[in-house]
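Asks: Residues per chain are reported as follows:
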Amino acid sequence: MNVKNLFKRTETYILIALLLFCFLVQACSGQFFTGNNLVDDARALTILAMFALGEMIVMVSGGIDVSFPAIAALSMYLVSTKMYDFHGNIIIFFLAGALLGFIMGALNGFLIGRFHFIPLIVTLGTSSLYTGIMQGVFASHESVLPQTMLDFGNAKLFSVYNPKSKLNSNMPVSFLFLLALIVLVWFLLRHTKLGRGIYAIGGDMNSARRAGFNVFHIQMFIYCFCGALAGFVGVTRACMMLDCDPTNMVGMDMTCIAACVLGGISLSGGSGTITGTLIGVTFLSIMSNSLILIGVSTYWEKVFTGLIIIIGTGISAYQVTRKNSKTVSNALN
Amino acid sequence: MNVKSCKASIHSLLKTDDKNFIRLLYVLIAVFLLCAIVKPETFLQISNFQSMAAIFPEFGILSLGISLSLISGGMDLSVVFIANLSAIIAAKFMLALAPDDSSPYTLLIIIAAIMVSLLVGIICGLFNGFLIAKIKIPAMLATIGTQQMFWGLAIVLTGGSSLSGMPELYSTVMNSTLFNFLPVSLLIFIICATALSIFLSKTRYGSEIYLIGTNAKASKYAGINNDQLTILTYVISGVFSALAGLVMMAGSNSCRADYGESYTMQCVLIAVMGGVNPNGGFGNVKGIVTAIVILQFLSSTLNMFENISNFYRDVIWGAALIIVLIVNYIINQRREAAAK
Numbered sequence: 001m002n003v004k005n006l007f008k009r010t011e012t013y014i015l016i017a018l019l020l021f022c023f024l025v026q027a028c029s030g031q032f033f034t035g036n037n038l039v040d041d042a043r044a045l046t047i048l049a050m051f052a053l054g055e056m057i058v059m060v061s062g063g064i065d066v067s068f069p070a071i072a073a074l075s076m077y078l079v080s081t082k083m084y085d086f087h088g089n090i091i092i093f094f095l096a097g098a099l100l101g102f103i104m105g106a107l108n109g110f111l112i113g114r115f116h117f118i119p120l121i122v123t124l125g126t127s128s129l130y131t132g133i134m135q136g137v138f139a140s141h142e143s144v145l146p147q148t149m150l151d152f153g154n155a156k157l158f159s160v161y162n163p164k165s166k167l168n169s170n171m172p173v174s175f176l177f178l179l180a181l182i183v184l185v186w187f188l189l190r191h192t193k194l195g196r197g198i199y200a201i202g203g204d205m206n207s208a209r210r211a212g213f214n215v216f217h218i219q220m221f222i223y224c225f226c227g228a229l230a231g232f233v234g235v236t237r238a239c240m241m242l243d244c245d246p247t248n249m250v251g252m253d254m255t256c257i258a259a260c261v262l263g264g265i266s267l268s269g270g271s272g273t274i275t276g277t278l279i280g281v282t283f284l285s286i287m288s289n290s291l292i293l294i295g296v297s298t299y300w301e302k303v304f305t306g307l308i309i310i311i312g313t314g315i316s317a318y319q320v321t322r323k324n325s326k327t328v329s330n331a332l333n
Numbered sequence: 001m002n003v004k005s006c007k008a009s010i011h012s013l014l015k016t017d018d019k020n021f022i023r024l025l026y027v028l029i030a031v032f033l034l035c036a037i038v039k040p041e042t043f044l045q046i047s048n049f050q051s052m053a054a055i056f057p058e059f060g061i062l063s064l065g066i067s068l069s070l071i072s073g074g075m076d077l078s079v080v081f082i083a084n085l086s087a088i089i090a091a092k093f094m095l096a097l098a099p100d101d102s103s104p105y106t107l108l109i110i111i112a113a114i115m116v117s118l119l120v121g122i123i124c125g126l127f128n129g130f131l132i133a134k135i136k137i138p139a140m141l142a143t144i145g146t147q148q149m150f151w152g153l154a155i156v157l158t159g160g161s162s163l164s165g166m167p168e169l170y171s172t173v174m175n176s177t178l179f180n181f182l183p184v185s186l187l188i189f190i191i192c193a194t195a196l197s198i199f200l201s202k203t204r205y206g207s208e209i210y211l212i213g214t215n216a217k218a219s220k221y222a223g224i225n226n227d228q229l230t231i232l233t234y235v236i237s238g239v240f241s242a243l244a245g246l247v248m249m250a251g252s253n254s255c256r257a258d259y260g261e262s263y264t265m266q267c268v269l270i271a272v273m274g275g276v277n278p279n280g281g282f283g284n285v286k287g288i289v290t291a292i293v294i295l296q297f298l299s300s301t302l303n304m305f306e307n308i309s310n311f312y313r314d315v316i317w318g319a320a321l322i323i324v325l326i327v328n329y330i331i332n333q334r335r336e337a338a339a340k
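One line per chain: the protein sequences are G and Z, in this order. With this note's numbering, letter number 162 in the first sequence gets 162, and the count goes up by one each step, no holes. With this note's numbering, letter number 175 in the second sequence gets 175, and the count goes up by one each step, no holes.
Among the clues, some could well be false.
No more than 30 Å apart at the CA atoms, straight line, and that leaves these computed lysine-lysine pairs for DSS-like [as the list claims (entries may be wrong)]: (1) G/K156 - G/K82; (2) Z/K217 - G/K326; (3) G/K323 - Z/K134; (4) G/K326 - Z/K136; (5) Z/K340 - G/K323; (6) Z/K136 - Z/K340; (7) G/K166 - G/K156; (8) Z/K19 - Z/K136; (9) Z/K220 - G/K326; (10) Z/K286 - G/K323; (11) Z/K220 - Z/K92; (12) Z/K202 - G/K323; (13) Z/K39 - Z/K134; (14) Z/K220 - Z/K202; (15) Z/K134 - G/K326.
Calculated from the structure, these hints are not laboratory results.
So that you can see chain G by itself, here it is in the shape it has in the complex (with noise of 0.2 Å):
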């Protein structure tokens, strides 16, 4: 790829605003490059950049996801509660999280898939469903973990000390999760017939179908893809805070939405890049947690969330309406 290319890429220019951002942040609080600090927002970014790679996938195929945070809740509370005597390995927390989220992700993709419902209407519907039922059914509330679970949220891989503000940092165990799930979205989109396929749709159903991509099973893939991975993610969501609490996943859709605006997905589906989508949720992974650095309230956090997924939206829709002005114009040249 040669440096014109380079520029004409809006990941790019999220990078160039990221790393501006992050040199404004030392510049005003002499803290951002230190050992701990990047460790922290290594772990913030955990969660939030395993949701962002589902919803890229649900994007990138011409949807949209917004009952993970949903599901992710209800298959952290039933497995930390529900498995509360059960002292097996820590991979069968996972995996029962995984399955749980994959049967509600399957209603998802059949809805959508065989009815051709709207994603966004659709995923409202399961959202509350699914909030329901772990509010209504079981009477979620903040409860405690199990011992194989908080064993795994206490190791690390290694800690920072930070001399100057007496601060240690650990880097959790679960961010190797986030390095092996980015290189199994990587060999999915780009080296399967599946992750094709993905793209395929997202660029244009009917083209796809009459190519001989099978639409529905495609569907069903992806949205069970997501959901196996939002109940995978609520787990290790409470074992890394330590504790089960059901509401605190709630908003992470928008962010997420955000994160994939903002590295370059397409608006009308079909591309979209892992890279792309990492530097847009590190982007407001960081910004979250470093607005109080630069002194601004945390207030303010949703108006910037918002504001950059208009300018973000903005950004690419009006590339998108200048290309076409240009076909047109040529074509009349």
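Dock chain Z against chain G, hints included.
Replies: Below, chain Z without anything else, positioned relative to chain G:
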């Protein structure tokens, strides 16, 4: 598609809409009977109907706004937060100028505050409309963005807590009952619904909005100014949101940034249940109003069971939305099969 065939297709749409409306009326009667049988001693009280009539305008007015945007082929996910933001700004205005009821200008200040809140609604709507019509951001993403922004601004303005202490006169007037049977909030809802109904069925703009929702390209080639009408749609939706915000604020004489967060989902449910096609082009006010009443009957009856948690409502709304979508789908399939 020329204008004539568009008009013909609108006529056929109206007919199918009527079928949908008749179906809704059956559902309404069934739900009414169900509620009356399950809780005869409380549901059939006049006081129950009065309290229901005072509650539903809150989300009823919001549903009208969301439905209009859906009919035009768009989506307005920011309505709840326009309502909260405009109410908060109006409340700040009142608190600054009329901290208590003793001021002789209280009434004037309240009227001015109402104007301020409507103005905020118009500005928010203009902003949505501008992003969607001029910048060409898909409506859903644009209003997700503005939703976060309006919500964030409301948090910044209130510091995350709720505002109260507005002049008593305001909530007294808004919560009063005219002629002993008509709550003021219901009156506002009726005015909104009637105005929207006339706008959609009797004015040129109304039929043009249906056209845009059915096929935006065709309507453009038919000489309709799509951009202007889209902006108008979101401005109307913004004004309705501001009115809903005023009603919400009067209900508890307070307002906060995250009031009625779940209303977005409920309003989409009402619109879809009322026969509004989420893809645009279909839907009318009488269907929406019937759906609102059905939902309120169910909700009030559910409230009468003390041992059922409020959270079951989320389950029921979510499930109802999916079921209504599927039923509509099956009916459409049958209709298409019959047409062939």
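Asks: Given the hint that Z/K340 pairs with G/K323, does the C-alpha gap stay at or below 30 Å?
Replies: violated, 41 Å
Asks: With a cut-off of 30 Å on the C-alpha distance, tell me whether Z/K220 and G/K326 pass.
Replies: holds, 20 Å
Asks: Given the hint that Z/K39 pairs with Z/K134, does the C-alpha gap stay at or below 30 Å?
Replies: Distance ~52 Å between Z/K39 and Z/K134 Cα, so the pair is violated.
Asks: With a cut-off of 30 Å on the C-alpha distance, tell me whether Z/K220 and Z/K92 pass.
Replies: Violated: Z/K220 and Z/K92 sit about 43 Å apart, past 30 Å.
Asks: Z/K202 and G/K323 were given as a pair; does the straight-line alpha-carbon distance stay at or below 30 Å?
Replies: violated, 39 Å
Asks: Quickly compare the C-alpha distance for Z/K220 and Z/K202 to 30 Å and report which way the hint goes.
Replies: At roughly 21 Å apart (the allowed maximum being 30 Å), Z/K202 and Z/K220 satisfy the hint.
Asks: Take a quick look at whether G/K326 and Z/K136 sit within 30 Å of each other, Cα to Cα.
Replies: Holds: G/K326 and Z/K136 sit about 16 Å apart, inside 30 Å.
Asks: CA of Z/K286 to CA of G/K323, is that 30 Å or under?
Replies: Violated, at about 43 Å.
Asks: Are the Cα atoms of G/K156 and G/K82 separated by 30 Å or less?
Replies: Roughly 26 Å between the alpha carbons, so the hint for G/K156 and G/K82 holds.
Asks: Need the status of pair G/K166, G/K156: alpha-carbon distance at most 30 Å?
Replies: holds, 19 Å
Asks: Does Z/K19 pair with Z/K136 here, judged by a C-alpha cut-off of 30 Å?
Replies: violated, 35 Å
Asks: Decide if the proposed pair is consistent with the structure: Z/K134 and G/K326, CA atoms, cutoff 30 Å inclusive.
Replies: Within the cut-off at roughly 17 Å; holds.
The structure does not agree with the numbered hints 5, 6, 8, 10, 11, 12 and 13 stated previously, though it agrees with the rest.
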